[in-house]
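*Asks:* Given next are the chains, with one letter for each unit.
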Amino acid sequence: MISVLALARFRVAGYVASHRALQPLIGLLALLAVLYAGPIPAGQEIGATADSAAMLVPVLAWAARGLLDTEPDEQRSVALSALGPRELVGGLLAAFASLLALAAIAEAALLFRLAASPTLAVLLTGVWLHLLSATAGLALGALTSRPILPSPAVSTIALILGYLSMLVISLAGARWLTVPVMGWMRDAHHGELQANLPLLTVQSLLWPAVGLAAYTRLRRTRP
Amino acid sequence: MRIASLSFRYGRRAPWVLSDAGLVLDPGDVVEVTGPNGTGKSTLLRLIAGLLRPVRGSVQDRPRVVGYAPERFPADQPFTVASYLRHMAAVRRVSTDAIGRWSERLGMDHLLGQRLPDLSKGSAHKVGLAQALLAEPGLLVLDEPFAGLDAATRAELPRIIGEIGARGGIVVVSDHQGDLRAFPGLRRCEVRDRAVRELEPAEEAGETALTVLEVAVDASRAADLADRLRAEGCTVNITGRTSAHVAGEAAG
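So the sequence lines, in the order shown, correspond to chains U and F. The first sequence maps to residues 15 to 237 in the numbering used here. The second sequence maps to residues 126 to 377 in the numbering used here.
No wet-lab data here; the hints were simulated from the structure. The beta-carbon is built from N, C-alpha and C at its ideal position, and this holds for glycine as well. There could be a bad hint or two in this list.
Pairwise CB distance ranges, derived in the manner of DEER restraints [unchecked claim]:
#  : chain 1 : residue 1 : chain 2 : residue 2 : range
1  : F       : Ser183    : U       : Val30     : 26 to 34 Å
2  : U       : Arg100    : F       : Ala291    : 24 to 32 Å
3  : F       : Arg322    : U       : Leu36     : 51 to 59 Å
4  : F       : Asp318    : U       : Pro99     : 57 to 65 Å
5  : F       : Ser183    : U       : Phe126    : 52 to 60 Å
6  : U       : Pro166    : F       : Gln302    : 33 to 41 Å
7  : F       : Gly163    : U       : Gly187    : 33 to 41 Å
8  : U       : Leu175    : F       : Asp318    : 30 to 38 Å
9  : U       : Gly98     : F       : Asp318    : 56 to 64 Å
10 : F       : Arg226    : U       : Ala228    : 42 to 50 Å
11 : F       : Val342    : U       : Gly98     : 32 to 40 Å
Reference listing, derived: stretches of chain U covered by chain F, where coverage requires no fewer than 3 residues with Cβ under 8 Å from a Cβ of chain F [to be verified]:
#  : stretch
12 : 66-75
13 : 82-94
14 : 142-154
15 : 212-224
In the DMTMM-like style, the derived pairs of lysine to aspartate or glutamate whose C-alpha atoms are separated by at most 25 Å in a straight line are [what the hints assert, rightly or not]:
#  : chain 1 : residue 1 : chain 2 : residue 2
16 : F       : Lys246    : F       : Glu281
17 : F       : Lys246    : F       : Asp275
18 : F       : Lys246    : U       : Asp83
19 : F       : Lys246    : F       : Glu339
20 : F       : Lys246    : F       : Glu157
21 : F       : Lys246    : U       : Glu206
22 : F       : Lys246    : U       : Glu88
23 : F       : Lys246    : F       : Glu269
24 : F       : Lys246    : F       : Glu325
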């Protein structure tokens, strides 16, 4: 595990030192500027949190893909020679850590623009939703990374279509068929989110788990 | 370590690169893999190192610690040589002392402060070799390790390979230039027509007759020239017989 953490540190360091980390950060800041142009009125904290988590998914997927793709292919071979299949865990850990940093920035911006201070339950629900958002972003980013989809054009289109399919399918109310991002927003604005959270968590983790399992499986023949 | 009826292709519709290939590698073996361009030498090396998974067949009993130096070191990374090697040492859980030791042996300690993208091809190649050697590998796989190296390192590398073999490590090297030909006990394999064929040592020796060449050289340059000739695959003995430099000899 120490080796895997060292590899994750190496990848985060490479990602931060390259200009690639800036792209999703700028995207995130633009999104936050639009979302929080005005302050959030009292009573709408939970709705705003759900909106933020849902809209963050493509930015986080982009960041995860960027981190996994920063390293040259031959360097991934070198890491693979040192760690074997655990190389993959190092990459996913590094990507998840970078997503947590971006999600934390989004949360901080949200808290900064609240008119009234939120209750602890609302705050924790918000953090939880952003964790779900990061998991969905990680899976989508990993599945569109270079070892799986070598063409940058195909990978970008797949990432966008992946997110659009989440929106469309969950808008249609089919919560088990995708990550129900529209369900997060709907429940939050109807005041049902906290009651539905356990079920929503299971639904939101199901497809990312399937996605990450598929990624692990595909990487066996796509080093 | 045993490679048994191994077949590989890069995709369902791609042609087979290797088909039913086999090879047994014993501790201490040093193997040179030869073959024409594009026949699958690098693919075989990647399969041996465990970077690719065989489509059919298996690679059994691979030593636990594997060092792999790619043919082209990926220099497009935002690190200095020292910080890159420190990260690799951490990944391999070896002490950073190993970095100093190997950079000195590979003649690259003056490069440690440089950024990877600024390195020349040969210097970047040395970084690739250093990271592969850091962890005292039980299996060392080097893809064209001699390409672009300076004379001193070309002479040093066979000594390093010899030391790894002497402590029971397996070394597999693909080499176009024949830098390892003079290596004692070298096994040679050829990749051709999707198969791996072991070449008899006699096959090569029978083709060339040895001859002895006497070279007189400035005493101060003797060691350097000997290294360069050894890198060319010659057996060199420095006899140490010195004679005065006679200026008139050439005229007479």
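*Asks:* Could you run down the list of hints and mark each one as holding or not?
*Replies:* Verification of the hints:
1. Ser183 (chain F) and Val30 (chain U) have their C-beta atoms about 40 Å apart, which leaves the hinted 26 to 34 Å range violated.
2. The hinted range of 24 to 32 Å is satisfied by Arg100 (chain U) and Ala291 (chain F), whose Cβ atoms lie roughly 30 Å apart.
3. For Arg322 (chain F) and Leu36 (chain U), the Cβ-Cβ distance of about 52 Å falls inside the hinted range of 51 to 59 Å, so the restraint holds.
4. At about 32 Å, the beta-carbon gap between Asp318 (chain F) and Pro99 (chain U) misses the expected band of 57 to 65 Å.
5. Between Ser183 (chain F) and Phe126 (chain U), the C-beta spacing of about 58 Å keeps the proposed range 52 to 60 Å intact.
6. Checking the proposed 33 to 41 Å range against Pro166 (chain U) and Gln302 (chain F) shows it holds: the Cβ atoms sit about 36 Å from each other.
7. Evaluation of the 33 to 41 Å hint for Gly163 (chain F) and Gly187 (chain U) yields a failure: the beta carbon distance comes to about 55 Å.
8. Roughly 44 Å separates the CB atoms of Leu175 (chain U) and Asp318 (chain F), a value that falls outside the hinted 30 to 38 Å.
9. A C-beta distance of roughly 31 Å is found between Gly98 (chain U) and Asp318 (chain F), which places it outside the suggested range of 56 to 64 Å.
10. A hinted range of 42 to 50 Å holds for the C-beta pair Arg226 (chain F) and Ala228 (chain U), which are about 43 Å apart.
11. In this structure, Val342 (chain F) and Gly98 (chain U) break the distance hint of 32 to 40 Å, their C-beta atoms being roughly 49 Å apart.
12. Check result for the stretch 66-75 of chain U against chain F: violated, 0 residues qualifying (beta carbon to beta carbon below 8 Å, three or more required).
13. Only residues whose beta carbon comes within less than 8 Å of a beta carbon in chain F count, and the stretch 82-94 of chain U has 9; three or more means the coverage holds.
14. Requiring three or more residues with a Cβ within less than 8 Å of a Cβ of chain F, the coverage given for the stretch 142-154 of chain U is violated, as only 0 such residues are present.
15. With a threshold of 8 Å between beta carbons, the proposed coverage of the stretch 212-224 of chain U by chain F is violated, since 0 of its residues qualify and at least three are required.
16. Taking the CA atoms of Lys246 (chain F) and Glu281 (chain F), the gap is near 18 Å; set against the 25 Å cutoff, the hint holds.
17. A threshold of 25 Å between alpha carbons decides the hint, and for Lys246 (chain F) with Asp275 (chain F) the separation of about 11 Å falls inside it, so the pair holds.
18. Note on Lys246 (chain F) and Asp83 (chain U): the hinted pairing holds, with a Cα-Cα distance of about 23 Å set against a maximum of 25 Å.
19. Proximity of Lys246 (chain F) to Glu339 (chain F) is assessed by CA-CA distance (about 35 Å); at most 25 Å being required, the pair is judged violated.
20. Taken as a hint, the Lys246 (chain F) and Glu157 (chain F) pair is honoured in the structure, with Cα atoms around 23 Å apart against an allowance of 25 Å.
21. For the suggested pair Lys246 (chain F) and Glu206 (chain U), the alpha carbons sit about 62 Å apart, so the restraint of at most 25 Å is broken.
22. Between Lys246 (chain F) and Glu88 (chain U) the alpha-carbon distance is near 15 Å, which keeps this suggested pair within the 25 Å criterion.
23. For the hint pairing Lys246 (chain F) with Glu269 (chain F), the CA-to-CA distance comes to about 13 Å; that is within 25 Å, so the pair holds.
24. Of the supplied pair hints, the one linking Lys246 (chain F) and Glu325 (chain F) is violated, its CA atoms being roughly 34 Å apart against a limit of 25 Å.
Against the hints set out earlier in the document, violations occur for numbers 1, 4, 7, 8, 9, 11, 12, 14, 15, 19, 21 and 24.
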